[in-house]
Structures are given as C-alpha cells and as structure tokens.
Amino acid sequence: MLPNKVLIIDDESLIRKSTALLLKKIDVNSVVAENGAQGLLLAASERPDLIFFDLKMPGLDGFEVLSRLKADKDLAHIPVVVFTADDFELSSIERLEVAGLCRKPFHPQDFFHLISGLITENAKVDGGNGALND
Amino acid sequence: MIDKTRALGDFGISEDVLDEMLKEFIVQADGFAADIEKSALNNDFEAATRAAHSLKGVSGNLRLDTCYKTAVSLDASVKAHDGPACKRALAELRKNIEDIRISIVPLRGI
Numbered sequence: 189m190l191p192n193k194v195l196i197i198d199d200e201s202l203i204r205k206s207t208a209l210l211l212k213k214i215d216v217n218s219v220v221a222e223n224g225a226q227g228l229l230l231a232a233s234e235r236p237d238l239i240f241f242d243l244k245m246p247g248l249d250g251f252e253v254l255s256r257l258k259a260d261k262d263l264a265h266i267p268v269v270v271f272t273a274d275d276f277e278l279s280s281i282e283r284l285e286v287a288g289l290c291r292k293p294f295h296p297q298d299f300f301h302l303i304s305g306l307i308t309e310n311a312k313v314d315g316g317n318g319a320l321n322d
Numbered sequence: 334m335i336d337k338t339r340a341l342g343d344f345g346i347s348e349d350v351l352d353e354m355l356k357e358f359i360v361q362a363d364g365f366a367a368d369i370e371k372s373a374l375n376n377d378f379e380a381a382t383r384a385a386h387s388l389k390g391v392s393g394n395l396r397l398d399t400c401y402k403t404a405v406s407l408d409a410s411v412k413a414h415d416g417p418a419c420k421r422a423l424a425e426l427r428k429n430i431e432d433i434r435i436s437i438v439p440l441r442g443i
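Chains as they are written, first to last, in my numbering: chain A, 189 to 322; chain B, 334 to 443.
Don't read these hints as lab results, they were simulated from the structure.
Each residue gets a CB set at the ideal place from its N, CA and C atoms; glycine is no exception.
Derived DEER-like restraints, expressed as beta-carbon distance ranges: (1) A/234 x B/428: 41 to 49 Å; (2) A/213 x B/336: 18 to 26 Å; (3) A/295 x B/409: 20 to 28 Å; (4) B/418 x A/235: 44 to 52 Å; (5) A/262 x B/413: 43 to 51 Å; (6) B/338 x A/255: 37 to 45 Å; (7) B/428 x A/262: 45 to 53 Å; (8) B/417 x A/264: 44 to 52 Å; (9) A/252 x B/367: 27 to 35 Å; (10) A/229 x B/363: 30 to 38 Å; (11) A/262 x B/424: 49 to 57 Å; (12) A/225 x B/371: 24 to 32 Å; (13) B/427 x A/264: 40 to 48 Å; (14) B/341 x A/259: 37 to 45 Å.
BS3-like, lysine-lysine: derived pairs with alpha carbons at most 30 Å apart: (15) B/428 x A/244; (16) B/371 x B/402; (17) A/212 x B/402; (18) A/244 x B/371; (19) B/402 x B/356.
The following block holds chain B by itself, in its conformation from the complex (with noise of 0.2 Å):
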C-alpha cells in the first residue's frame, strides 16, 4: 500500500482526484518500465535515460516516495550501463506500480 497522506495535505485534493492521476501515473510508469526494458536490452541508454529521468521527475512530484527512489536507482544503472541492476530496479518497479495499483479504490478503467 502507498501512503497518500502526504499527496492529499501537499495538493489539497480529494483522494477521488488523487486516484484519478494515480491511474494516469500507472499507465505512464507501465509505459517507461517498458521503455526503459526494451531500451536496455538494445544498448541504447541514452533513451532509457530520458525515460527513467521522466519517471523520477513524476513520481517524486506525486509523492510516491518507493516508488522515486527505485526510479532514483533505476536512473542510476541506465547511466552506468548496469544491466543486471537495471533489471532488479524494473523487477522492484513494477511490484511498486502494483501497490500503487492495488491503492486505488474502486479497481476499475486500468
């Protein structure tokens, strides 16, 4: 589960709002971890940078906090050519989208 606490009191939003760019945020991150996937495996960095570089910008402003410091470490192994630690960072990424997912409440549309 995330903690939607902080994102309710920092933006002043009801939580109905918040789930609405909650979802916005899954298709995106779904979006970037395959990006960032495929990218990878063909050596090309440079565009699994800008992609991870988008993630990290995101999540953090939403305040999904798990999910910008695996964004913070996925970022860190594109830029360092790190496959293998690319690979554990997207594994780490999608069981966060999942929790950001299962947060959501009513499950429908995504």
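Isolated chain A, as found in the complex (with noise of 0.2 Å):
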C-alpha cells in the first residue's frame, strides 16, 4: 500500500523537487513546503498521510516541527521521516518520536521500501481505516 499524498518540508528546492519527482513515479502526490512553519499549516490543511522533513532549516527547525505535530490531536498520528544528510544527526534522531529515517543521497528503491513499509504499519495500527492507494 501506498500513500494518497506526502508533506515535504525542506529548505532546498532540489531535494523538495526531486524527492516529489521520486513519489510522482509510484503515483505518489505530494505537497512541498519551504520552511517549518510552512510545513505545519499544510499539514493541519491537506492532512497527509506521511510527513518528510529536514531537520536543518532556518526559523522553525525540523525538531520545532515534530514537536508542534506531536502537540497536535489531529496531527499527532501521522507517520513522520527525518531527512539527513549527517552521520553526527543521528544520535539526536535517535532521541526522537519518528516513524523512520531517510539518509540523503537516498536510493529509489529504499525510498519507495521505507514508506511502503510505514504507511503500511500505520494503515494495521488505525486498523485499516486510512486513506490509501492499493
């Protein structure tokens, strides 16, 4: 199973792009945004069934984000991915209340395993009532 759509939230354009790029060949939608809070109003708008997002950005920072989602009833249950490009990160993603982890570069078919595999686990733990692609 896949999902209906993907939040990216990311400061550069070009992992926005080509992570959207990456979604659209699976017939994955997604919706892009360029800073945290950005992110956290298309969230609550468009309510997507994954979040990806950089934990290295400018004003609200991906830590800000997940905890504002967290905070948040509606918001709360989506399935977060933190984007990293840093081994030193990891110990600090380690601490957090994520669904997964995707290390950039990241290759296609890792991708497409990572969120396949969560959107699955979440759509057993909602006990099947999410909205998702076959």
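Assembly of the complex is requested from the two constituent chains, each provided in isolation within its own frame, with the hints serving as guidance.
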C-alpha cells in the first residue's frame, strides 16, 4: 500500500523537487513546504498520510516542527520521517519520536520500501481505515 | 561530463527537465561555494558547515556523484577547520560545477 499524499518540508528547493519526482514515479501525490511554519499549516490543511522533513532549516527547525506535530491531537498520528545527510545527527534522531529516517542521498528502491512499509504499519495501527492507494 | 543516465532513470523525467534542475543546481552550488569560501576566510566554520551540508544533500539527491564526493570532502574539511583542505575541495567543486555546466545542452541562461 502507498500513501495518497505526502508532505515534504525542506528548505532546499532541489530536495523538494527530487523527492516529489520520486513520489510521482510511483503515483503518490506530494505537497511541499519550504519551511517549518508553512509545513505545519499544510499538515493541518492537507492532512497528508506521511510527512518528510529536514532537521536543519532556518526559522522553525525540524525539531520544533516535530514537537508541534506531536502536540496536535489531529496530526500526531501522521508518521513522520526525518531527512538527514549527516552521521552526527543520528544520535539526535534516535531520541526523536519519528517513524523513520531517510539518509540523503537515498536510493529510490530504499525510499519506496521505506514509505510503503511505514504506511502499511500505520494502517495496521489505525485498523486499516486510513486513505491509502492499493 | 556527468553521467545523466542514473538521474534520468531514477526520476523518470526527460533530459530537458533534468537540465532545468541542473541549471538550478549550478546557481545554488555557485552560491554555496561563495558562502563557504567567505565563511572559511572569516573563520566562521559553522556557517561554512551549513552550506557544505546543504551542498552534500542536494548534489547527492540529484545523483551528481562526483560533486557529492567533493561535497563530502568539503564538509569534512570545514568541520575539521582545515583551511588548506577546504581550499582544495572548493577548487575541485568549481571544476565539478563547470563539468555540469558543459553537460547541459543547449547552454543558455546560466
């Protein structure tokens, strides 16, 4: 099963575009935000099935975005995946309440397996009532 | 020259679309190189690290393997506050950017 809609929050335009292209290749729609504040607004209005975000962003960083998502009862259930390009961030990420980690650069097959696995797992937790593609 | 085959296959896009992304990358990478050079000269290695980190992520995601390897070296050199290594990596990065520039056909707008 694949998500219907994925939210990508990253301040780098080419990361947003390349990730959206990979998702489009497997018929998954994406919405993109270029900063944390915009990402939170889109999370609330678009209700994505999965959220990817970068930890290092100017303004509201990934840690703050995650904290606010988890504090919102309507959004807390959405699985979130952290983008990282740095090994030194791993120890910080391990302490976070995230569903997965996506190390940049990522191989398409690893990326597809990751999102497919996360959504399947979340559907089991939700009793299979989520909006998912076949 | 750069190998576009992998990026075209991974993203499932036309060469024109990839070239547009590469043009955007060149502008960004030129900016990262300038930021890193300026920051390193001012011993502001934290700012240089942020730019190198961004360059690493973007080049890797676009399958620009040679540029990604240079970005990894650059990232390591700024984290180590190693000025000479940073200078060498920046020179290499500028060569990589030029290779990407000449791989784009037609050459216009950059």
